[in-house]
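Novice: The chain contents come next:
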Amino acid sequence: MEKNITVTLRVWRQENPKAKGEFKEYKVSSTTDTSFLETLDILNEDLVAKGEEPITFDHDCREGICGMCSLYINGHPHGPATKATTCQLYMRRFKDGDVISVEPWRSAAFPVIKDLMVNRNAFDQIQQAGGYVSFNCGGAQDANALPIAKTDADLAMDAATCIGCGACVAACKNGSAMLFVSAKVSQFALLPQGRVEANRRALAMVAKMDELGFGNCTNTRACEAECPKGISIANIARLNREYLKAKFNS
Amino acid sequence: MSNLFSSSIGKKLIMSVTGLFLVLFLLFHMSMNLVAAFSGEAYNAVCEFLGTNWYALAGTAVLALGFIFHIIYAFVLSVKNRKARGADRYSVTVKPKSVEWASQNMLVLGLIVILGVVLHLSQFWYKMMFAELAGIENSISATDGAAWIKFYFSQPVVAVLYIVWLAALWFHVTHGFWSAIQTIGWNNNIWVERWECISRIFATVVCVGFAVVVLGFAIGIFPLC
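The listed protein sequences derive, respectively, from chains A and B. Per the working numbering, residue 39 is the first one in the first sequence, and the count goes up by one each step. Per the working numbering, residue 3 is the first one in the second sequence, and the count goes up by one each step.
If we strip away everything but chain B, and leave its shape as in the complex, we get (with noise of 0.2 Å):
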């Protein structure tokens, strides 16, 4: 087990498994927020459930840690890669046709979905959990999520900054998951295509189902109930 972490297939490692949780946890997230689609009462019982009780922080703590070890090792590995390509570069570069685009460009890809991470966190997190356990008034109340999610949806630059956001998170699930298993090294040459395709799955269900709470809020559709 000596120095795993310091090779590099030990920090792809740790992207992977930091990544596969944080997949997961967007499932989650998702279907939580599908929730609030079909009942605003609801969706805040959710919200309560996962409220400011001990449960919910240590995953909250978790969660961010996750969050913060994908994000530095995507930072070490790309320094390390950018410095082995070596100073000069090729004059002409023809991407072959099974190289997906996504696959080239995680990093930039990263950085928009941190960026909405950001956003996300200052709208929501920051206006409910932390209103809450540092005692901030806010207009809404902090355990009204439903409320919450009314008020930054129905506003239009919100909503297309959102699925900007989607998009950008779509994109990088669809090679970050199977690339995950891949560095697991859980493939093999029947399963290589199969992964590629669940991952693209994957990433739809997902951020379909993130945009479609975001769209359905912006048009007034939504609760249903």
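Chain A on its own, in the form it takes in the complex (with noise of 0.2 Å):
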């Protein structure tokens, strides 16, 4: 049943990228039925009103698909709630009379633009690098002209639901991108038509990753307990044998 609730939510303000950043606390009248964002939404409206600057953050689908919603919210990438982006974040989640504390993703590769929005071009220079197909694979295959292993479909299907987000660098206190990478490079590694580019593939978007200032991986599994889409470590391991792989085919 919806319930009326008043949070306190404790913001990250920053004028631009150079400016100094500071928390400022605002009180807000939400609903345990209203998501995060659409309290976001209401405490803006609040801030418009009163004359005051709204609170920049980042937002599209609002549906858990798009990976633009970002937010650090009370220590977890995307909230408090497992595999679900901050999109998907009910008030529900909260008590009346909590203190939120909102933040941007914090690492060096993903600097703050404004307030709680931040650039992930990085995630975009990496896909360019060698996360795609370039050759024109033809028309849709007959049913079984081109057998693929149930498991491996099913596997690259699940790297595939990676969206970008962001959260993996966001949750590692390394600031590695490698989970994001790993996703995609494996999506492609998995199916026919991505093997044929695996080698330059796995090279360029690690070179390119490297090259942007993410930080290495070490094992910790932050970002998979952290990914709104569940993606696994096992990712990784498939990245490092086929950057290895192609290392020793160059």
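Rather than coming from a laboratory, the hints here were simulated on the basis of the structure. Just so you know, not all the hints are guaranteed correct.
Claimed, not checked - Computed cross-link-like contacts, BS3-like style, restricted to lysine-lysine with a CA-CA straight-line distance of at most 30 Å:
#  : chain 1 : residue 1 : chain 2 : residue 2
1  : B       : K99       : B       : K82
2  : B       : K97       : A       : K152
3  : B       : K97       : A       : K283
4  : A       : K211      : B       : K85
5  : A       : K88       : A       : K188
6  : B       : K82       : A       : K246
7  : B       : K97       : A       : K246
8  : B       : K82       : A       : K58
9  : A       : K88       : A       : K56
10 : B       : K85       : A       : K41
11 : B       : K85       : A       : K283
12 : A       : K152      : B       : K13
13 : B       : K13       : A       : K246
14 : A       : K133      : B       : K99
15 : B       : K97       : A       : K58
16 : B       : K13       : A       : K283
17 : A       : K152      : A       : K246
18 : A       : K152      : A       : K62
19 : B       : K13       : B       : K99
20 : A       : K65       : B       : K13
21 : A       : K121      : B       : K99
22 : B       : K99       : A       : K56
23 : B       : K82       : A       : K211
24 : A       : K56       : B       : K85
25 : A       : K133      : A       : K65
26 : A       : K121      : B       : K152
27 : B       : K152      : A       : K211
28 : A       : K211      : B       : K99
29 : A       : K65       : A       : K88
30 : A       : K211      : B       : K13
31 : B       : K97       : A       : K133
32 : A       : K58       : B       : K85
33 : A       : K62       : B       : K85
34 : B       : K97       : A       : K62
35 : B       : K85       : A       : K121
36 : A       : K152      : A       : K65
37 : A       : K246      : B       : K85
Since the model is a prediction, treat every value here as computed from it, not as a measurement.
Please assemble the complex out of the two chains, which come individually in their own frames, going by the hints.
Specialist: As structure tokens, this is what we get:
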């Protein structure tokens, strides 16, 4: 049953990438059936009505698909709900009177643009380095013309569910992007169309990841625990395999 | 093969291979120590076999190189990781339940292990292999390893320091072993939990093996015969 709830949001405010940021507290009234982003919308309407600058934050589909929403809420990327994005987080997760800390992703490779919005262009650059198939695969094959083991198809599909939100980097104490890169490499490496360029892809994407200043994976598994899509670190092992194989073949 | 070791995965591979080499050495050293629990004479025979011959010296040099590379790359990677985290830190952090404490504190645990190694080398390697090579005379013969074990582990402070060292080593190996396998790429959805379990078992066997010898000599029940 829907209940009214009043919480204090402790929000990171930062004017621009170079400005010094600070936390500001706002009291906001919402309901348990209201989403967290909608609660931020309510707060922003209040701020605009008062003539204050609204809080800047990323969002788009609000269906957990696009990977645009971010936010580090009470010590978790995407908040306390497991396998859910911030847009799928509802206020019923909190209690009346709670103080909720809301911060942007913290990583050198994801600089803050304003308030809670960070620049995740680094992920686009990694994708552009090799996260695609560059040749014409032709039309859809007849069923069974190109046999693919069910287990491989499932693993490729699981890897492809990565929405590139950056929660893995935000959760990692090293600011490592290995879970993201491994998912993008795996979704192709497991399928025949992707194998053709597997070596070039692994080398190019890892080189770009290193160049952009992401940290090294120390296998803490924090990325996997916080990933809204449940991407497994088994993909990181596959990326390591693919990369080392490509290096020895080059 | 070009630039393998300048890449993040290449550097991790060095940590992985040297780490696996070091845990194999730990298993060998622990097995050797257990001999001392049964017989001082048998232990001294092993020490004599592994004494100041060229094979042992070459082995020691390779071991030292593995250790040095492991430490150097641990710092190289840690510096890069710290930089990658950025200047601002989260004001609230919550460790997910599935994240091992050891995995987030490998550098600190490693530093404790290094201190333990320095203590160990100053007490045993320096007084045994080095003393034999340099012709240094001590109250206990350089070839009498069993007597040196008894001498040091019968001192409570030394025994406690070794147990602290072994506890840090246990945490370090529980994460390091499976992490090394993961870095080589020898892992998948099924084996990821199995390797973690194997790591815990391996670390427990090795560290309990070492601790039993320390405690047995500390309370005076070793050697058994």
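Novice: All hints, please: hold or fail.
Specialist: How the hints compare with the structure:
1. In summary, the hint linking K99 of chain B to K82 of chain B is supported, as the alpha carbons are separated by about 26 Å, within the 30 Å threshold.
2. For the proposed pair K97 of chain B and K152 of chain A, the alpha carbon gap of about 27 Å is at most 30 Å, so the pair holds.
3. About 34 Å separates the Cα atoms of K97 of chain B and K283 of chain A, which puts this hinted pair outside 30 Å; it is violated.
4. The hinted pair formed by K211 of chain A and K85 of chain B meets the criterion: a straight-line CA distance of about 11 Å does not exceed 30 Å.
5. For the hint linking K88 of chain A to K188 of chain A, the alpha-carbon distance of about 57 Å lies beyond 30 Å, and the restraint is violated.
6. Distance restraint check for K82 of chain B and K246 of chain A: the Cα-Cα separation of roughly 15 Å lies within the 30 Å cut-off, and the hinted pair is therefore satisfied.
7. Taking the CA atoms of K97 of chain B and K246 of chain A, the gap is near 29 Å; set against the 30 Å cutoff, the hint holds.
8. At roughly 24 Å between alpha-carbon atoms, K82 of chain B and K58 of chain A fall within 30 Å of each other, so this suggested pair holds.
9. Pair hint K88 of chain A plus K56 of chain A holds up; C-alpha atoms about 26 Å apart against a cutoff of 30 Å.
10. About 44 Å separates the Cα atoms of K85 of chain B and K41 of chain A, which puts this hinted pair outside 30 Å; it is violated.
11. Taking the CA atoms of K85 of chain B and K283 of chain A, the gap is near 29 Å; set against the 30 Å cutoff, the hint holds.
12. For the proposed pair K152 of chain A and K13 of chain B, the alpha carbon gap of about 35 Å is over 30 Å, so the pair is violated.
13. Among the hinted pairs, K13 of chain B with K246 of chain A is consistent with the structure: their alpha-carbon atoms are about 16 Å apart, no more than 30 Å.
14. Restraint check for K133 of chain A and K99 of chain B: satisfied, since their Cα atoms lie roughly 22 Å apart, inside the 30 Å limit.
15. For the hint pairing K97 of chain B with K58 of chain A, the CA-to-CA distance comes to about 27 Å; that is within 30 Å, so the pair holds.
16. This hinted pair checks out: K13 of chain B and K283 of chain A have alpha carbons roughly 15 Å apart, not beyond 30 Å.
17. Between the alpha carbons of K152 of chain A and K246 of chain A the distance comes to roughly 25 Å, so the proposed pair stays at or under 30 Å and holds.
18. In summary, the hint linking K152 of chain A to K62 of chain A is supported, as the alpha carbons are separated by about 14 Å, within the 30 Å threshold.
19. Between K13 of chain B and K99 of chain B, the direct Cα distance comes to roughly 28 Å. Compliance with the 30 Å bound is thereby established for this hinted pair.
20. Between K65 of chain A and K13 of chain B, the direct Cα distance comes to roughly 48 Å. Violation of the 30 Å bound is thereby established for this hinted pair.
21. With a C-alpha separation of about 14 Å, the suggested pair K121 of chain A and K99 of chain B falls inside the 30 Å cut-off, and the hint holds.
22. Only pairs whose Cα atoms come within 30 Å are accepted, and K99 of chain B paired with K56 of chain A is rejected, the gap being roughly 35 Å.
23. About 12 Å separates the Cα atoms of K82 of chain B and K211 of chain A, which keeps this hinted pair within 30 Å; it holds.
24. With a C-alpha separation of about 18 Å, the suggested pair K56 of chain A and K85 of chain B falls inside the 30 Å cut-off, and the hint holds.
25. Only pairs whose Cα atoms come within 30 Å are accepted, and K133 of chain A paired with K65 of chain A is accepted, the gap being roughly 14 Å.
26. Of the supplied pair hints, the one linking K121 of chain A and K152 of chain B is violated, its CA atoms being roughly 55 Å apart against a limit of 30 Å.
27. About 44 Å separates the Cα atoms of K152 of chain B and K211 of chain A, which puts this hinted pair outside 30 Å; it is violated.
28. Our distance criterion of 30 Å between C-alpha atoms is met by K211 of chain A and K99 of chain B, whose separation comes to about 15 Å.
29. Straight-line distance between C-alpha atoms of K65 of chain A and K88 of chain A comes to about 14 Å, which keeps the hinted pair within the 30 Å bound.
30. Annotation: proposed proximity of K211 of chain A to K13 of chain B holds, straight-line Cα distance about 18 Å (limit 30 Å).
31. Of the pairs offered as hints, the one joining K97 of chain B and K133 of chain A holds, with about 21 Å between alpha carbons and a cut-off of 30 Å not exceeded.
32. Proximity of K58 of chain A to K85 of chain B is assessed by CA-CA distance (about 19 Å); at most 30 Å being required, the pair is judged to hold.
33. For the hint linking K62 of chain A to K85 of chain B, the alpha-carbon distance of about 27 Å falls within 30 Å, and the restraint holds.
34. For the suggested pair K97 of chain B and K62 of chain A, the alpha carbons sit about 25 Å apart, so the restraint of at most 30 Å is met.
35. The hinted pair formed by K85 of chain B and K121 of chain A meets the criterion: a straight-line CA distance of about 28 Å does not exceed 30 Å.
36. At roughly 21 Å between alpha-carbon atoms, K152 of chain A and K65 of chain A fall within 30 Å of each other, so this suggested pair holds.
37. Between K246 of chain A and K85 of chain B the alpha-carbon distance is near 17 Å, which keeps this suggested pair within the 30 Å criterion.
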